[in-house]
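Protein chains in written order, with my numbering: chain A, 5 to 316; chain B, 80 to 361.
Simulated from the structure, these hints should not be mistaken for laboratory data.
The structure presented is a predicted model; accordingly, all values stated were derived computationally and were not measured.
Mixed in with the good hints there might be a few duds.
[Stated by the list, open to error] Straight-line Cα separation of at most 20 Å, SDA-like style, residue types lysine to any residue; simulated pairs: (1) LYS124(A) to ASP261(B); (2) LYS262(B) to ARG59(A); (3) LYS240(A) to GLU307(A); (4) LYS185(A) to LEU252(B); (5) LYS200(A) to ASP188(A); (6) LYS124(A) to ILE264(B); (7) LYS246(A) to GLU307(A); (8) LYS110(A) to SER267(B); (9) LYS124(A) to LEU266(B); (10) LYS88(A) to ILE264(B); (11) LYS88(A) to ASP261(B); (12) LYS123(A) to LYS262(B); (13) LYS133(A) to PRO146(A); (14) LYS128(A) to LYS148(A); (15) LYS6(A) to LYS240(A); (16) LYS16(A) to SER274(A); (17) LYS262(B) to GLU87(A); (18) LYS110(A) to ILE264(B); (19) LYS124(A) to LYS262(B); (20) LYS88(A) to HIS263(B); (21) LYS262(B) to HIS122(A); (22) LYS110(A) to HIS275(B); (23) LYS185(A) to ALA248(B); (24) LYS262(B) to LEU173(B); (25) LYS110(A) to ASN274(B); (26) LYS110(A) to LEU252(B); (27) LYS110(A) to SER249(B); (28) LYS318(B) to GLY299(B); (29) LYS185(A) to ILE196(A); (30) LYS88(A) to ILE265(B).
[Claimed, not checked] Covered by chain A, according to a simulated footprint, are these stretches of chain B (three or more residues, beta-carbon under 8 Å): (31) 237–251; (32) 254–260.
Virtual Cβ for every residue (Gly too), placed ideally from N, Cα, C.
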Amino acid sequence: MKILEIQDLNVKFTTPIGEVYAVNNASFSLNANETLALVGETGCGKSVIANTIIRLLPQNAEISGNIFYKGNNLLKMSDREMEKTRQQEIAIIFQNPTLSLNPLYKIGDQISEPLLVHKKINKKEAFTKTKKLLKTMGFQNPSKFTGMYPHQLSGGMNQRVLLSISLTLNPSIIIADEPTKGLDNELVRDIIEEFKTVNKINNSSLLLITHDLSIARELSDRIIIMYSGDIVEITKTESFFKNPLHPYSKILLNSLPERGFNPPKGNSPSMVNIPKGCKFHPRCPHKKKICSEKTPPIYSIDEGDVRCYLFQ
Amino acid sequence: MTHHIEELKKYAISKLNLNAIGITIFLLFLFIAIAAGIISPYNPWIRFEPYIPPNSSHFLGTNDMGNDILSELLFGARVSLIVGFGASIIATVLGVIIGIVSGYYRGMMDEILMAITDIYLMIPRIPLIIILAALMRPNFWLIMLLIGFLWWPTTARVVRSSTMQIRDASFILSVKSLGFSDKHIILSEILPNINHVIIPKFMLTIASAMFSEASISFLGLGDPTMKSWGMMLNFAFMKGGLINEMWWWYLPPGLCIVAVVFSLMLIGFSLEEKENIVLGLE
Chain A
5 MKILEIQDLN VKFTTPIGEV YAVNNASFSL NANETLALVG ETGCGKSVIA NTIIRLLPQN
65 AEISGNIFYK GNNLLKMSDR EMEKTRQQEI AIIFQNPTLS LNPLYKIGDQ ISEPLLVHKK
125 INKKEAFTKT KKLLKTMGFQ NPSKFTGMYP HQLSGGMNQR VLLSISLTLN PSIIIADEPT
185 KGLDNELVRD IIEEFKTVNK INNSSLLLIT HDLSIARELS DRIIIMYSGD IVEITKTESF
245 FKNPLHPYSK ILLNSLPERG FNPPKGNSPS MVNIPKGCKF HPRCPHKKKI CSEKTPPIYS
305 IDEGDVRCYL FQ
Chain B
80 MTHHIEELKK YAISKLNLNA IGITIFLLFL FIAIAAGIIS PYNPWIRFEP YIPPNSSHFL
140 GTNDMGNDIL SELLFGARVS LIVGFGASII ATVLGVIIGI VSGYYRGMMD EILMAITDIY
200 LMIPRIPLII ILAALMRPNF WLIMLLIGFL WWPTTARVVR SSTMQIRDAS FILSVKSLGF
260 SDKHIILSEI LPNINHVIIP KFMLTIASAM FSEASISFLG LGDPTMKSWG MMLNFAFMKG
320 GLINEMWWWY LPPGLCIVAV VFSLMLIGFS LEEKENIVLG LE
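Just need the whole structure built from these sequences, with the hints factored in.
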């Protein structure tokens, strides 16, 4: 069952140096109880998609397309309706956990706040629930931590606090925007474990945004590869790691340590002067004449969807 | 490096001492204002023999009407502080609301509110109050309101710039994603984070308001039925206190005004300095 469906999403920013096309013609869907990984290099538009879904883009953004959540178009909702949708239906965890928490409040208060505001339950009940959540997130002694401030906790702990906040109202979708950025390897393992528990207890769908292929492999059911604002491939995670379709996917996989650690050659294109045709063609080993002339459409084949003329 | 930290500590301690001095003086006057009815030797409106120099029964002598000057001085603390506080509360509330709204929402709202603020900043404030007070019947509450409604623009400016800093912090984005309303975000996320700017500003506004009230009263445009320090100065000037060198009449109210304003300045500045030390700006 499709819980979130994105159709022909275009996001454009007007900046002093020109127009930046951050997302072009993106269409994909998120099924119930599914973990979908959105993978791509820094600056390819992953976070823009996340922020578009919860409508928290800056004012210079121009959005077109449709985002259907349970049949309602999120892009056409009033601000009041959107406030009700955020967190109660769709929760988001931002990158940089320590900066995402208000430095002046104890974490216990920050976790229970959504319960007090949206559910109107009393403080005592909220705190009981808060402690329970912290315990499932791997805090052995929750009563000790509820009275602490964000600066007293490590980045990994703050990430788990944010994860607890996102779970307070049992949303149907959790969007995690690079949840492991800036954390060391051991903490990344911990966070992955926490996400697995979340999936088990909460029955929610997870949209995982990351540039770390190993996390995507561990957690996701399907994977979307983005390149410079375009979705270039959507496949099952298993088949992606066995048999990637798009030339960019192949190059990306070869950059993994276990596959020889070959970084892709060349640079990702600037978002202002985009190459004509397929955006990947200047770096592509299989490029043909047509690649530099026309943007390839999405071809659906058995293994998945791919935006490349090789699969014509 | 250690040397630097030592220096910084010394500096911080000297600033804290200034703060303590300021608070002590201010609390003293606050006590006087509250307990004026108990500690003053006479009712300030009772008439004795006029123009008595200081003696054992009238420590600061009496004025032209025969009122006890010490009692007048103690009750005057009440009037002056009420005007200062009242005007500053009005100015701070207005300034904070206007500053937060324009800093948080930006856009058209910001442009309009800041244009109004600019216009207000250009108004010569004391002359305007003088004209208004001269046109209307001088009234204690009226002067308080006028000062309050004219003293907000600087507060609004400072609050706006701090709000703009906070609104772009990533925790504001993350609480927006929690689906909280703008009202909730402003009141419980932004306001606590800019308190450190508002409180010193509030203190300095009290000082400024008291000073203005004294100026206006001295010019004879104050409320004649209220004995404020400015009013006492006015009478001392008008009724020959200054020419006859009756220092016990004109000096105490002047010194009191200076002392309270000085204490508020010390508190306000040291709060600002403390903030700068914490932020490492020094």
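Okay, the hints, checked on the actual structure:
The straight-line distance between the Cα atoms of LYS124(A) and ASP261(B) is roughly 18 Å, inside the 20 Å bound, and the hint therefore holds. Distance restraint check for LYS262(B) and ARG59(A): the Cα-Cα separation of roughly 18 Å lies within the 20 Å cut-off, and the hinted pair is therefore satisfied. Restraint check: the Cα-Cα separation between LYS240(A) and GLU307(A) comes to about 8 Å, which is no more than 20 Å; the hinted pair holds. Restraint check: the Cα-Cα separation between LYS185(A) and LEU252(B) comes to about 18 Å, which is no more than 20 Å; the hinted pair holds.
Between LYS200(A) and ASP188(A), the direct Cα distance comes to roughly 19 Å. Compliance with the 20 Å bound is thereby established for this hinted pair. Using a Cα cut-off of 20 Å, the hinted pair LYS124(A) and ILE264(B) holds, with the two alpha carbons roughly 17 Å apart. At roughly 11 Å between alpha-carbon atoms, LYS246(A) and GLU307(A) fall within 20 Å of each other, so this suggested pair holds. For the given pair, LYS110(A) sits about 13 Å from SER267(B) by alpha-carbon distance, which is consistent with the 20 Å threshold.
Proposed proximity of LYS124(A) and LEU266(B) is supported: the alpha carbons are some 18 Å apart, at most 20 Å. A threshold of 20 Å between alpha carbons decides the hint, and for LYS88(A) with ILE264(B) the separation of about 15 Å falls inside it, so the pair holds. Our distance criterion of 20 Å between C-alpha atoms is met by LYS88(A) and ASP261(B), whose separation comes to about 13 Å. Between LYS123(A) and LYS262(B), the direct Cα distance comes to roughly 17 Å. Compliance with the 20 Å bound is thereby established for this hinted pair.
Our distance criterion of 20 Å between C-alpha atoms is met by LYS133(A) and PRO146(A), whose separation comes to about 11 Å. Between LYS128(A) and LYS148(A) the CA atoms are separated by roughly 16 Å; this keeps the pair inside 20 Å, and the hint holds. Taken as a hint, the LYS6(A) and LYS240(A) pair is honoured in the structure, with Cα atoms around 16 Å apart against an allowance of 20 Å. Distance restraint check for LYS16(A) and SER274(A): the Cα-Cα separation of roughly 14 Å lies within the 20 Å cut-off, and the hinted pair is therefore satisfied.
With a C-alpha separation of about 12 Å, the suggested pair LYS262(B) and GLU87(A) falls inside the 20 Å cut-off, and the hint holds. Between LYS110(A) and ILE264(B), the direct Cα distance comes to roughly 16 Å. Compliance with the 20 Å bound is thereby established for this hinted pair. Proposed proximity of LYS124(A) and LYS262(B) is supported: the alpha carbons are some 17 Å apart, at most 20 Å. Among the hinted pairs, LYS88(A) with HIS263(B) is consistent with the structure: their alpha-carbon atoms are about 14 Å apart, no more than 20 Å.
A distance of roughly 14 Å separates the Cα atoms of LYS262(B) and HIS122(A); the hinted pair therefore holds under the 20 Å criterion. Note on LYS110(A) and HIS275(B): the hinted pairing holds, with a Cα-Cα distance of about 19 Å set against a maximum of 20 Å. Between LYS185(A) and ALA248(B) the CA atoms are separated by roughly 18 Å; this keeps the pair inside 20 Å, and the hint holds. Of the supplied pair hints, the one linking LYS262(B) and LEU173(B) holds, its CA atoms being roughly 17 Å apart against a limit of 20 Å.
Distance restraint check for LYS110(A) and ASN274(B): the Cα-Cα separation of roughly 17 Å lies within the 20 Å cut-off, and the hinted pair is therefore satisfied. With a C-alpha separation of about 18 Å, the suggested pairing of LYS110(A) with LEU252(B) holds against the 20 Å cut-off. With a C-alpha separation of about 17 Å, the suggested pair LYS110(A) and SER249(B) falls inside the 20 Å cut-off, and the hint holds. Pair hint LYS318(B) plus GLY299(B) holds up; C-alpha atoms about 12 Å apart against a cutoff of 20 Å.
In summary, the hint linking LYS185(A) to ILE196(A) is supported, as the alpha carbons are separated by about 12 Å, within the 20 Å threshold. The suggested pairing of LYS88(A) with ILE265(B) holds, with an alpha-carbon distance near 18 Å, which does not exceed 20 Å. Interface restraint, the region 237–251 of chain B with chain A: holds (3 residues with C-beta to C-beta distance below 8 Å; minimum three). Coverage of the region 254–260 of chain B by chain A holds [criterion: at least 3 residues with CB-CB distance below 8 Å; count 7].
Consistency with the previously given hints is maintained throughout, with no hint failing.
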